[in-house]
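Undergrad: These are the residues of each chain, in order.
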Amino acid sequence: MTAIIEVKDLVKVYNGNIRAVDGITFDVAEGEVFGFLGPNGAGKTTTISVLTTLLQLTSGECTVCGYDVVKQPTDVRRSIGLVPQELTVDDDLTGRENMMLQATLYGVEPKVAKERIDELLALVKLEEAADRMVKTYSGGMRKRLELSEGLIHRPRVLFLDEPTLGLDIQTRTTMWQHIRDLKKSSNMTVFLTTHYLEEADSLCDRIGIIDMGKIMAMDTPATLKKSLGGDVISIKIPGEVDYTDVIQSTSGVLSVKKEDSSYRVKVINGETATAPLLQEISKKGGAVTYVSLERPNMDQVFLEYTGRSLRDAEQSGGFDKLAASRQMRRSR
Amino acid sequence: MMLRETYALFIRELKHWYRAKVQIFMMLIQPIVWLGLFGQAFPIKLPPVALNGAPDYMSYMSVGMLAVTALFTCMFAGMSVVWDRRFGFLNKLRAAPISRGSIPVSRVMAAMVRAVISALLVLLIALLFAHIPGLQGLTVTADFGILNALGILLILMLLATAFAAIFVAISLTIKTQETLFAVINLLNLPLMFASAALFPITGMPDWLQAVAKVNPLTLAVDGMRQLLFAGSEGIYPIGVDILGLLAFSLVLVSLGIVVAMRALKEK
Ligand SMILES: Nc1ncnc2c1ncn2[C@@H]1O[C@H](COP(=O)(O)OP(=O)(O)OP(=O)(O)O)[C@@H](O)[C@H]1O
Ligand SMILES: [Mg+2]
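Those protein sequence lines, which keep their order, are chains A and B. Read left to right, the first sequence gives residues 1 to 332 (our numbering). Read left to right, the second sequence gives residues 1 to 267 (our numbering).
Hints listed in this document are in silico derivations from the structure and should not be mistaken for laboratory results. One or more of the hints may lead you astray.
[Unchecked claim] Ranges between beta-carbon positions, derived for each pair: (1) B/Leu147 with A/Ala122: 50 to 60 Å; (2) B/Tyr18 with A/Lys184: 41 to 51 Å; (3) B/Leu208 with A/Asn17: 46 to 56 Å; (4) B/Lys175 with A/Ser202: 35 to 45 Å; (5) B/Leu46 with A/Arg132: 52 to 62 Å; (6) B/Met2 with A/Asn297: 42 to 52 Å; (7) A/Arg132 with B/Leu147: 43 to 53 Å; (8) A/Lys135 with B/Glu178: 37 to 47 Å.
[Claimed, not checked] As a list, the in silico DMTMM-like pairs of lysine to aspartate or glutamate whose alpha-carbon atoms are at most 25 Å apart: (9) B/Lys15 with A/Glu127; (10) A/Lys214 with A/Asp299; (11) B/Lys15 with A/Glu97.
Ideal Cβ positions, reconstructed from N, Cα and C, are used throughout, including at glycine.
Just chain B, with the same shape it has in the complex (with noise of 0.2 Å):
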């Protein structure tokens, strides 16, 4: 019974990360600096039009962040991984009459809650901030509904899910934390700066924009600004967003449990 194992599993990992206080701390406050300080110090003044329908930089950025948010937790689900495999606790799943499908798919399925929970922490944080003196924040133009509300966790959930897979697998692959980290660094700033989650594409030049089109933050971020100011004109159609997401974490999960399950094997 695959299910059994894999619930086990997931829970586990959940259990750990809530336990967890201050690294669940951590991994917010990064988000909550980043929208006090470097939303509010620069702010670049650009037209709507400009901004995909977002009312200010601030509101635009805010969305960028519960993106990014999302890569950041899925990234440090790697390091679960690679310390369990220093204390032994690999090992002992290997040696354990489970499938050993359900050792990636845990991790996978716990990183992603992990990730939209906090990335809808940082867009509660964001709507907060609109509404502090002084501060800017997120401010929704759009006629926010059930469907939007609904539209923005699947976003969430399929970003999540595609990057948790990535990381996974990888810290699956790899010995040491060290070389996890490297990994991780190397992925995560193009990652992010190659999008439109914190620029618009617009005044990227050509080759980054043709890269930023194909990074699935990009499609989440457009995805998510449609949902949430009026009269956004996103890069692609909503409808692409969410089926480009839907392709890149089928193909990733898939690609993710192949990789694992070599991973895992005896050598």
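Bound conformation, chain A alone (with noise of 0.2 Å):
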């Protein structure tokens, strides 16, 4: 595996006292869906803004695609999409004339760009709207409008930033499909940022959290909730017999905890170990009536590496930028 990204302590003041990115190093391998998990004001955006040219670095190094983002920003320009958080998609052109303009800035063969529009059009289900002014659009087919420009020139990497902010779980779902659906048909990276836990868990291959502008931890979602020292399996199994000994001299069993008739057993695959362990009670006669398997979410990942739920941590924010800058756009 190659690295498309490379990142190597990062750093970024803003005027000179706001540490936005404090000292991060990753890299992304090509082909590969990355993804930022973090807060409001955890540094997102600042990452993606330098990594895209469009700030300058305080110190530290990045390449994407092997050019470096400071000595050759037009060649990096040349080889990124950039899906940007805020909506940027031109409310007084059609969908289908912001498609065109984004396909000239990026010197796609005008023959070319018309056969592509069509055919991300109709991927981002916006083809019967093509020819009406965006400014009849909704915020989702907004976001979709711009994640199809994004894609217009065909992108070796392609940055996301907060691609399904302020969208239904409905529209959400299907953004989702859209980018599994393109990472499959070509070999395109996708580096994309996000604060849904769900998000980062469903779609991307390794994730970083990042809050306060460091990296707290970096791995593929799997490996992160397994650190978390594995599932939990909750039986019941009524009677006056006592079965933790039996539960805790399983194989692949961890710790077992008794509560009346309740047991919560910490295993370390959940999805394996269940069957046996309910083997081994049955064998010692236990009747169980009740059994749940947990898994740990991203919740209690991001709880374990920042020592705060991103809940809470997002609490603060009060926030729903998406929503924001729409009524912006209205009192236009």
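Reconstruct the complex from the two isolated chains, following the hints.
TA: Put into structure tokens, the structure is as follows:
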């Protein structure tokens, strides 16, 4: 695997005192979907802005597709696509006109562009609305248009800054599907940021947890979850007999906690450990009336690595930037 | 290919303009009101000699309105730049592999086209006013031919280019709409009144005359009056007016591009 994005000791200080990114180092492999997960103000957009040449870094080294973002910004720009956090599609053009403009800016031949535009608009289900002014679009439609704009020149690396911010669950799920489809159909590398745990979990090959400008942890979603110490199986065995020892001696079990007739069993892997465990219990005459398997989720991972839950971290923000920016457009 | 992206951005600007019908209407309503009220209600009785050869004050002032319309239209070109920054469109352009110069150049071109079209519409309206009974309008007394028409077009284009360059550069350095408005207001009235656009400069105090004589608005109206009115005694010969405007627009465009490129650099 070759690294297509390389970031070494990146620091960005705004106005001499706001340390938005505080010495981060990471690589992204070609073809990978890599996600930055973090609360508001963590430094996600700042990192993307540096990598997409929009922002001058304070110190450190970054290369994208082998080009240095400071010394070869034009080469970087040519190889990447950016779907920014805020909606930047042009309200007073139609969807198709927006796409055509983007294609021209990225030097796509008009003939090729026309074909690709049809293709992409179909992909994000905007064919019907393609010739309408964007100001008549809903927030979700704009976001989808924005996504397809980022793809018009088939970039090697696509940067998605909060691709589903402000979208409803249904649209978010379709958006994820679009991103997965894209990844399947081309060997594009995707760098995305999000503060939705489910998004990071279901979309990314690897996740970096970022908080206050620092990477707190970085691995695959599965490994991160595993590092929390395995899954929890809850079982209920009515009756007076204590099965703690039986459970404890079953292979794969880490610990047991008994509370009345309920047991919380920590295991390395819940999926493979459940069946043998139930067998052992029934061998000893236990009648299990209830079983549930709990796997640690990203929320717990976040809590583990940053010392606070993502929802708490978010609370102070009190935001819906997308809604806010849409309102701003209205008052235009 | 700088041409391709400049052209695409230029077309985008024009599409914005002709689709915003209200905006065009508002842009034109102001000069119409001025011509209709200001020009009619305060008829200044001056002989043609004092009016650069214009047969009456209304004709004199109509020419000034053409130039002022161009000035106002260019000022508002700055607005779209500020909006584009606010909504991230500017950043999108900055992330694109285009030559940065295409951003100011496309806007200056579009502002110039808008300004010239608006000014020509005002010209038509002023001419029309002269034919409405009870109203005064622009009466052309020169032997008006194709060369005169081209001369007026050229003067308006040069004037608009110069102003567009200033305002596009200013608005690229400015971050908010409020600041832009403040700057526009600061420039707007002095530019208009310290010129021969609305009043003959001979009646002005010396210091104001000195300023008015180097104001591009003065050069533009001075040139256009010589093209419209027979026996017009210009402040300068028409060739000087045109060359002066050419110099102004060349200097301001170069300056504007330098300022714009600095403003577009990543921070
Ligand atoms: N232009 C700027 N000037 C000064 N400070 C800034 C600027 N942009 C961002 N910051 C600060 O840098 C920090 C990181 O901001 P950034 O936008 O990178 O966060 P983020 O992770 O993208 O958050 P969000 O989820 O809200 O988009 C924040 O504390 C923010 O206030
Ligand atoms: Mg952000």
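Undergrad: Kindly indicate which numbered hints from before are broken by the structure, ordering the numbers from low to high.
TA: 8
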